[in-house]
Each structure stands twice: as structure tokens, then as C-alpha cells.
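Chains as they are written, first to last, in our numbering: chain U, 1 to 113; chain F, 1 to 112.
Calculated directly from the structure, the hints in this document are not laboratory data.
Accuracy of the hints is not assured; some may be wrong.
What the hints assert, rightly or not - Example chain F residues on the side facing chain U (calculated, C-beta under 8 Å, incomplete):
1) Lys40
2) Ile45
3) Ser48
4) Phe64
5) Thr100
6) Gln101
7) Phe103
8) Gly106
To be verified - Derived pair list, reagent style DSSO-like, types lysine-lysine, alpha-carbon separation capped at 27 Å:
9) Lys67/F / Lys52/F
10) Lys68/U / Lys44/F
11) Lys44/F / Lys1/U
12) Lys67/F / Lys42/U
The structure presented is a predicted model; accordingly, all values stated were derived computationally and were not measured.
Note that CB positions come from ideal geometry on N, CA and C, so glycine has one too.
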Amino acid sequence: KQEVTQIPAALSVPEGENLVLNCSFTDSAIYNLQWFRQDPGKGLTSLLLIQSSQREQTSGRLNASLDKSSGRSTLYIAASQPGDSATYLCAVRPMEYGNKLVFGAGTILRVKS
Amino acid sequence: DTAVSQTPKYLVTQMGNDKSIKCEQNLGHDTMYWYKQDSKKFLKIMFSYNNKELIINETVPNRFSPKSPDKAHLNLHINSLELGDSAVYFCASSLTVPDTQYFGPGTRLTVL
Chain U
1 KQEVTQIPAA LSVPEGENLV LNCSFTDSAI YNLQWFRQDP GKGLTSLLLI QSSQREQTSG
61 RLNASLDKSS GRSTLYIAAS QPGDSATYLC AVRPMEYGNK LVFGAGTILR VKS
Chain F
1 DTAVSQTPKY LVTQMGNDKS IKCEQNLGHD TMYWYKQDSK KFLKIMFSYN NKELIINETV
61 PNRFSPKSPD KAHLNLHINS LELGDSAVYF CASSLTVPDT QYFGPGTRLT VL
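Chain F with its partners taken away, still in its complex shape:
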């Protein structure tokens, strides 16, 4: 059973396109996160939702918009993709805010 799943695993697209990455967790957790891992392998948080409410919004271009239809899902929509958006995007979840975070397998986004 996959605890935190992401789709797609790989995404290759042209500059200027709009794309979405989906995340689902079946752990019954209240809090979900999106992280970006750049080419230097640094993981940085982008967003965090607790019970469908946005609680963290780091300095991320407003082309990135998270959407949480329910507690088990946190999708990431990206408008007008740019070359610099190429990275691996990880979704994670935790039972509550300070608990252990469980990560999905990542989505490798390549913008051409």
C-alpha cells in the first residue's frame, strides 16, 4: 500500500505551458506539504496545508498554486512554466504539524 503517492512521476513540457502534479496520502494525516528539490539537491518547502487550510506559503512565484480538495489530497498547479521550474517536486504528509513527515516518490519536472 502506497502511503504518499504522486502523479505523474515524470513530466516533460514546453516553456509557457500549464501543468498539474497530484498528491494523495492514505495515512489519515491532517497536514500535507510540497517541497522542491533543485539541481543542487537542496530540498526547500513551498507550501503546507493543515486540514485543507494553507499554513505556509514560502517565497514562491504566484504561478504556483496549491489546491487541497480534501485532507487526503494536495495538488500543485503551475502556470506559464519556466526553465527554472525544472526540479523534482516532493509531496509529504504528517499526522499533525510537528510530527514525522512521510514523503512521496517525487515528480521530476523538466521544462524545455
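Next comes chain U alone, as it looks inside the complex:
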């Protein structure tokens, strides 16, 4: 059974700092891994999707890496801003059940101005 763990559960950093969010999954048989952002009281916004054959994806100040064999992904946020404050969720799409996502519990990020 696929399980996804995110560390840390919460993170508070000063504005301008570079930071790394971690995601690990127990079964490396995945189609892809997706990072989402969730703002309080709102839905999820997809940030980056990494296919199982890829090592990383970049979008603006965000860079996500994937090491499928070790079951790990990281989301790197450069030059953090207060507007980056949100919950960041990692989700994998298992090969066994390709039409669903298995989510981690999320990392709550607070960027202080």
C-alpha cells in the first residue's frame, strides 16, 4: 500500500530565504508525482508534475526533483516571499491504481516579512 510522508509538517522562515520541502513515498512504482499548493479555505493549485521518467521540473522560483528509486522528492523554493505562505501537498499516482492520487499530509509554510 502506497504511503506518502512529508517533512517537515510546518516551517516558518524569513522572507528571502531559500527552502526545501521533502516528500517520501513507500512504493517506487508510480506514474508521476505532483506538488500542489493549498491556501486556507481554497482548493488545490497544481504547481509541478514530474513524470516517473523525469528527474526534475522547474517553474519560476520552484524546482521539484524526483528520485524514484529511493522514493523521494523535494520542492525547492527560491527567494521565498510572504505570498508563498500556504500548505504544500505532495501526491503520487501509483501504477497499481493509475487513476488516483495518494497524498501526503502536507507542509504548512509561513514566510515572514
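Knowing the structure of chain U, use the given hints to seat chain F on it.
Below, chain F without anything else, positioned relative to chain U:
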């Protein structure tokens, strides 16, 4: 333009009632999903429909019944609501099965 919309945004009701949550997507996607986010913030899939056909039905009480009148809509009907049903319910859609999923804003259900 709202890509994935849900109504209502908030739903407060008594135990034992029957309620429905509606979801619509205007993205032309073939696949739609319902997820439940509990008080611990874990998101878990409940159902998935592809071209109006049920393709995932996780271990969900049969009081929950999804209905897909067409590809753009996936509604969730809940019978005999219980306290433990209180959660935020998210609808999502994707072009096909393995593609990026786009989520609605969520419906916060509170059962009293």
C-alpha cells in the same frame, strides 16, 4: 472563468439528512474525481469517473453515491448524514486518467 466549480461552498446540516454537492468542469476533461479531506488534512480519493463511467470506488460507505449526468458534471449525494461525514469535499478533473488534476474550491460539510 472558473475551471472546476462546486456548490455549495458551505453546507451545515443535521444528522440523518440527505444532501448533495454539485461539481462542474468547463475544461473539456474526460475524468472527474471526488476527494475527502478530513480534520487532519489528509486528502483521500473517494470516486473517479471516466466518460461517465465509474472507475474508482474506494472503501466508502454506500450512503455516498456519485452521479455523472454527463462528462462535465459529477455530483455527490450523501444519505443519512453522520457526524463523521464532516469534512471538506473536493472535486477534481483531468483530461485523461494520468494527467494533471485540477481541483475545485471545496465544499465544507458540517454535520451537527
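Evaluation of the provided hints:
no.: 1; hint: Lys40; result: holds, 7 Å
no.: 2; hint: Ile45; result: holds, 4 Å
no.: 3; hint: Ser48; result: holds, 5 Å
no.: 4; hint: Phe64; result: violated, 16 Å
no.: 5; hint: Thr100; result: holds, 5 Å
no.: 6; hint: Gln101; result: holds, 6 Å
no.: 7; hint: Phe103; result: holds, 4 Å
no.: 8; hint: Gly106; result: holds, 5 Å
no.: 9; hint: Lys67/F / Lys52/F; result: holds, 8 Å
no.: 10; hint: Lys68/U / Lys44/F; result: holds, 22 Å
no.: 11; hint: Lys44/F / Lys1/U; result: holds, 14 Å
no.: 12; hint: Lys67/F / Lys42/U; result: holds, 24 Å
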